[in-house]
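Residue numbers (the working numbering), protein chains in the order written: chain A, 1 to 619; chain B, 620 to 741; chain C, 742 to 944.
Quick caveat, the hints were computed from the structure, so don't treat them as lab data. Note that the Cβ used here is the ideal one computed from N, Cα and C, for glycine as well. Check the hints yourself; a few may be wrong.
[As the list claims (entries may be wrong)] Pairwise CB distance ranges, derived in the manner of DEER restraints:
| # | chain 1 | residue 1 | chain 2 | residue 2 | range |
| --- | --- | --- | --- | --- | --- |
| 1 | C | Glu-750 | A | Thr-560 | 37 to 43 Å |
| 2 | C | Val-896 | A | Pro-559 | 43 to 49 Å |
| 3 | B | Thr-689 | C | Leu-807 | 22 to 28 Å |
| 4 | A | Gly-54 | B | Ile-711 | 54 to 60 Å |
| 5 | C | Gly-885 | A | Gly-96 | 50 to 56 Å |
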Amino acid sequence: MTEEHHEELGWWRKYIFSLDHKVIGLQYGLTALSFLLLGFMLMILMRWQLAYPGEVIPWLTFVLIFIFIGFTIIYLAGKNRPYLALNSFIFFGIAGLIWYFTTGEERLPGGIMLPEFYNQLGAMHGTIMVFLGVVPLAVGAFGNYILPLQIGAPDMAFPRLNMASYWVYFIGGVLMIISFFLPGGAAQSGWTSYSPLADINTGQTMWLIAMLFLIMSSLLGAINFIVTTVQLRAEGMTWFRLPFFVWTQLITAFLLLLAFPSLQIGAIMQLLDRIAGASFFIPAGIIQGGKVLEYAGGGNPLLWQHLFWFLAHPEVYVLILPAIGIITEVITNNSRKPLWGYPAMVYSLFIVGFLSFVVYAHHMFITGMGTAVATWFQTTTMIISIPSVVFLAVLVFTLWGGSIRFTTPMLFALAWIPMFGIGGLTGLPLGLAPPDIHLHDTYYVIGHFHYIVAPGSIIAFFAGLYYWFPKICGHKLNDTLGKIHFWGTLIGMNLVFAPMLVQGMAGMSRRLYDGGMEYDHVQPVMFLNEWMTWGSWMIGIFQIFFILNMVLTLRKKSPTEDNPWEATTLEWATSSPPLAHGNFETEPVVYRPPYEYNVPVNGHIEPYLPQHKKVEMRD
Amino acid sequence: MAFCGLGLDISVSNPLLVMSDPHNNLASNKNLHYVLIGALLLVLTVVTVWTSTFSFSIGVSVGIALIIATVKGSLVASYFMHLITENKLILIILFFTVIFFIALIFLPLSDTMNTVGSPNVY
Amino acid sequence: MEIPFTINERPDTGLTNPKFGIWLFLASEVMLFGSLFTSYIILRIGSPVPPHILAWPIQSQELNVLIGAINTAILIASSVTMILSWVALKEKQFKKFKLYMGLTIVLAVLFLVVKIWLEYLPKIQHGHVMSTNNFFAMYYLMTGLHALHIIGGIVVLAYFWGPGAKMWESNPEQFTNRIEVAGLYWHFVDLVWIFLFPTLYLL
Numbered sequence: 001m002t003e004e005h006h007e008e009l010g011w012w013r014k015y016i017f018s019l020d021h022k023v024i025g026l027q028y029g030l031t032a033l034s035f036l037l038l039g040f041m042l043m044i045l046m047r048w049q050l051a052y053p054g055e056v057i058p059w060l061t062f063v064l065i066f067i068f069i070g071f072t073i074i075y076l077a078g079k080n081r082p083y084l085a086l087n088s089f090i091f092f093g094i095a096g097l098i099w100y101f102t103t104g105e106e107r108l109p110g111g112i113m114l115p116e117f118y119n120q121l122g123a124m125h126g127t128i129m130v131f132l133g134v135v136p137l138a139v140g141a142f143g144n145y146i147l148p149l150q151i152g153a154p155d156m157a158f159p160r161l162n163m164a165s166y167w168v169y170f171i172g173g174v175l176m177i178i179s180f181f182l183p184g185g186a187a188q189s190g191w192t193s194y195s196p197l198a199d200i201n202t203g204q205t206m207w208l209i210a211m212l213f214l215i216m217s218s219l220l221g222a223i224n225f226i227v228t229t230v231q232l233r234a235e236g237m238t239w240f241r242l243p244f245f246v247w248t249q250l251i252t253a254f255l256l257l258l259a260f261p262s263l264q265i266g267a268i269m270q271l272l273d274r275i276a277g278a279s280f281f282i283p284a285g286i287i288q289g290g291k292v293l294e295y296a297g298g299g300n301p302l303l304w305q306h307l308f309w310f311l312a313h314p315e316v317y318v319l320i321l322p323a324i325g326i327i328t329e330v331i332t333n334n335s336r337k338p339l340w341g342y343p344a345m346v347y348s349l350f351i352v353g354f355l356s357f358v359v360y361a362h363h364m365f366i367t368g369m370g371t372a373v374a375t376w377f378q379t380t381t382m383i384i385s386i387p388s389v390v391f392l393a394v395l396v397f398t399l400w401g402g403s404i405r406f407t408t409p410m411l412f413a414l415a416w417i418p419m420f421g422i423g424g425l426t427g428l429p430l431g432l433a434p435p436d437i438h439l440h441d442t443y444y445v446i447g448h449f450h451y452i453v454a455p456g457s458i459i460a461f462f463a464g465l466y467y468w469f470p471k472i473c474g475h476k477l478n479d480t481l482g483k484i485h486f487w488g489t490l491i492g493m494n495l496v497f498a499p500m501l502v503q504g505m506a507g508m509s510r511r512l513y514d515g516g517m518e519y520d521h522v523q524p525v526m527f528l529n530e531w532m533t534w535g536s537w538m539i540g541i542f543q544i545f546f547i548l549n550m551v552l553t554l555r556k557k558s559p560t561e562d563n564p565w566e567a568t569t570l571e572w573a574t575s576s577p578p579l580a581h582g583n584f585e586t587e588p589v590v591y592r593p594p595y596e597y598n599v600p601v602n603g604h605i606e607p608y609l610p611q612h613k614k615v616e617m618r619d
Numbered sequence: 620m621a622f623c624g625l626g627l628d629i630s631v632s633n634p635l636l637v638m639s640d641p642h643n644n645l646a647s648n649k650n651l652h653y654v655l656i657g658a659l660l661l662v663l664t665v666v667t668v669w670t671s672t673f674s675f676s677i678g679v680s681v682g683i684a685l686i687i688a689t690v691k692g693s694l695v696a697s698y699f700m701h702l703i704t705e706n707k708l709i710l711i712i713l714f715f716t717v718i719f720f721i722a723l724i725f726l727p728l729s730d731t732m733n734t735v736g737s738p739n740v741y
Numbered sequence: 742m743e744i745p746f747t748i749n750e751r752p753d754t755g756l757t758n759p760k761f762g763i764w765l766f767l768a769s770e771v772m773l774f775g776s777l778f779t780s781y782i783i784l785r786i787g788s789p790v791p792p793h794i795l796a797w798p799i800q801s802q803e804l805n806v807l808i809g810a811i812n813t814a815i816l817i818a819s820s821v822t823m824i825l826s827w828v829a830l831k832e833k834q835f836k837k838f839k840l841y842m843g844l845t846i847v848l849a850v851l852f853l854v855v856k857i858w859l860e861y862l863p864k865i866q867h868g869h870v871m872s873t874n875n876f877f878a879m880y881y882l883m884t885g886l887h888a889l890h891i892i893g894g895i896v897v898l899a900y901f902w903g904p905g906a907k908m909w910e911s912n913p914e915q916f917t918n919r920i921e922v923a924g925l926y927w928h929f930v931d932l933v934w935i936f937l938f939p940t941l942y943l944l
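Sequences are here, hints too, so could you generate the full structure?
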């Protein structure tokens with residue numbers, strides 16, 4: 001491809017401020033996984049309170065577990081891989097945070113959680129998981145690393161913009177963590193930050209500033225992804241030869257590009273309400289602590305909700321579309337069959353992407369919405385479920401008649417189908433206004449969206465990590481540990497989220513710091529709180545298998561084969577890991593669609609036909 | 620208006636000239652073209668201020684102001700930003716952006732008009 | 742390594758990467774300012790109607806239409822000089838580019854000067870700030886965010902006029918494309934003002 005002589009980059013330019021999409025993808029991946037772990041720990045603290053309200057929290061146990069993992073990593077990394085050992089600091093850091101959270105008098109006096117701190121945990125768990133965990137992993141990590149490889153490009157269209165996107169995200173993440181240490185603590189008005197509470201509650205200012213950074217990072221990244229996908233496809237890579245993963249990243253990028261600005265504006269307005277005394281979302285006469293607050297008034301709290309949800313609904317498609325892309329890659333590869341209905345999948349993506357902008361107020365059915373507007377949003381919400389069903393149907397049809405290989409990534413992908421099915425189906429009563437009146441702000445909602453994000457997106461990311469791990473380091477993750485990880489995670493997740501649906505239908509409200517103790521109507525389902533907490537511990541324990549699996553695999557030297565899964569897409573057409581500069585030795589040329597598994601070629605069945613392989617067709 | 624006619628004539632034929640003349644040797648022609656659009660924009664600014672001095676009902680005032688602003692904006696977008704000769708892909712993306720923009724304006728608006736009670740308290 | 746289509750157009754799309762990128766950015770900016778206009782409409786609908794003192798048309802009378810119109814003219818003029826500076830580069834007339842680009846920057850700075858010294862400061866001294874009422878809050882927010890975009894534009898244009906102009910020597914085609922991309926951004930900023938001015942000052 002090029003004969004350029006590259007001068008050797010210094011350590012900082014090579015590993016920290018790299019312009020290489022692969023390095024940036026790994027940076028995003030490591031940071032996002034760390035934030036997922038932090039968000040998980042916040043949930044563990046919440047779930048203690050819900051199962052054992054008013055009891056002293058066993059903080060030392062949690063801290064010791066993390067310290068133990070940290071030291072195990074150092075031990076396993078050994079002298080061979082000192083940089084690998086540095087990852088232990090993530091665990092020491094989280095251990096430190098847990099210690100800080102649980103031993104502070106403003107948070108847990110005497111080890112017993114205050115409601116204010118529970119609310120902080122709730123708001124930050126959601127924020128961290130969505131904006132610092134899932135999206136950066138789905139788009140920043142998987143997208144950044146895999147997309148240029150799958151289209152046969154040497155890098156992203158704007159490498160410096162790519163690097164900037166990562167560091168702006170990083171700053172946003174640091175600000176979010178810092179917010180815990182500020183007077184009054186972190187945001188505590190829910191990740192949804194409804195006005196007027198969020199306008200006057202503590203902790204919100206830093207949250208808003210951090211969001212401005214995070215939104216900026218997503219916008220810059222979205223531009224990069226779209227330009228790269230359109231402009232840098234290799235020769236012969238026509239639109240309908242793109243791997244479906246690339247399509248999902250493209251549509252996701254459009255959602256980020258066009259939906260995030262509304263929250264950017266909303267966040268700026270809420271910030272101005274807080275620091276400049278504006279009244280964008282504040283009606284006059286608000287009373288706090290018995291005192292009337294000095295605001296000019298005239299604001300509209302529902303305006304915040306409109307601006308927020310205009311983003312946040314497309315945002316949930318941002319959470320799931322890359323996951324669908326990953327699952328498609330894994331299922332086609334492990335069914336050894338072409339994708340059953342590739343055009344149907346692509347057109348469904350367009351429909352989902354388009355409709356996602358006009359369904360958002362199904363989150364607002366109980367705001368006094370008139371019937372005309374409610375009808376609009378119910379109708380569009382029902383329609384948008386159809387393409388999702390198409391995705392599931394196509395994946396099932398792809399499996400049908402395939403030679404299914406039960407590799408670890410495939411286990412996660414197969415489990416994803418029913419899990420996402422449950423998540424989607426439980427959304428239907430929420431998308432219709434009459435049942436939503438009953439279910440809104442109950443645990444049913446939490447169960448619904450967690451089924452989509454946890455047994456949904458997260459399981460898909462595990463599938464992707466197991467699938468693409470050999471690409472990034474030349475070794476597959478250990479299969480036995482992977483299977484243990486899979487079963488523990490799947491069962492644990494169902495143990496946590498299925499009861500939520502039951503509790504919600506019984507009427508248990510969300511965001512109650514004492515788990516519903518005060519309410520008569522939830523007493524019959526209170527016992528589930530303890531089950532769910534045990535389920536969350538189960539999930540946590542089984543992640544240790546995954547973490548150690550990664551460390552054990554990363555510390556291996558000598559990469560093995562380039563294409564262990566016998567896949568057809570372009571990312572497997574280069575070395576594992578790919579070349580540092582330019583990805584491919586020579587620019588690939590694409591001759592066929594992406595999933596040509598077990599197709600007839602020249603009179604015999606070819607087990608897999610890579611996209612870039614030139615074949616003389618003898619008719 | 621004479622200026623309008625002149626501006627439009629040049630712009631309709633110009634794309635063809637641009638395509639056959641990629642290095643834009645017709646420099647002064649193009650420059651004049653842009654200056655004329657600029658002058659038209661200034662005239663329309665005066666018009667919009669002038670029409671605002673009449674006491675129409677709010678609906679009519681908003682309508683007139685929006686129409687004039689849209690005309691001005693279209694001139695800037697079509698000629699200064701070259702949208703009139705721009706590539707199809709960009710136009711398609713912008714088309715959908717406009718659709719979503721309309722959704723962004725009209726969905727909250729329709730909800731506000733349709734909502735029971737008014738949350739704005741002064 | 743060379744990223745393809747940074748300077749040359751990709752045949753099947755007819756676009757360079759930077760041009761495509763800036764249009765995507767502008768699409769997101771349409772949604773950004775669209776959110777502001779939505780907020781304006783929603784908040785105004787909920788506000789009193791004339792002759793109540795807090796009615797937005799009444800409050801809007803505090804704004805000086807003449808100054809606003811002059812600023813509109815300044816920005817339109819800067820849009821013209823901006824496009825002329827790009828045409829100059831296409832004609833390989835670097836000195837003309839410098840002249841027109843310089844004028845663009847001067848006009849942009851003039852816009853800001855008028856806005857800050859003739860509009861913002863007097864209003865603040867009169868006690869009209871963001872916390873006064875929602876009309877002023879929206880006024881400051883919308884024009885303020887727009888002004889931030891102007892400042893960003895000035896920084897970029899000044900860079901291209903000054904140190905960045907060295908690229909004309911080494912890579913004139915890429916430099917010309919950069920000016921075109923900057924111009925697209927600048928025209929968009931003008932376009933936003935074309936809608937902001939009647940909304941805030943006239944209605």
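query = Checking against the hints above, which ones are violated?
reply = Violated hint: only 5; rest satisfied.
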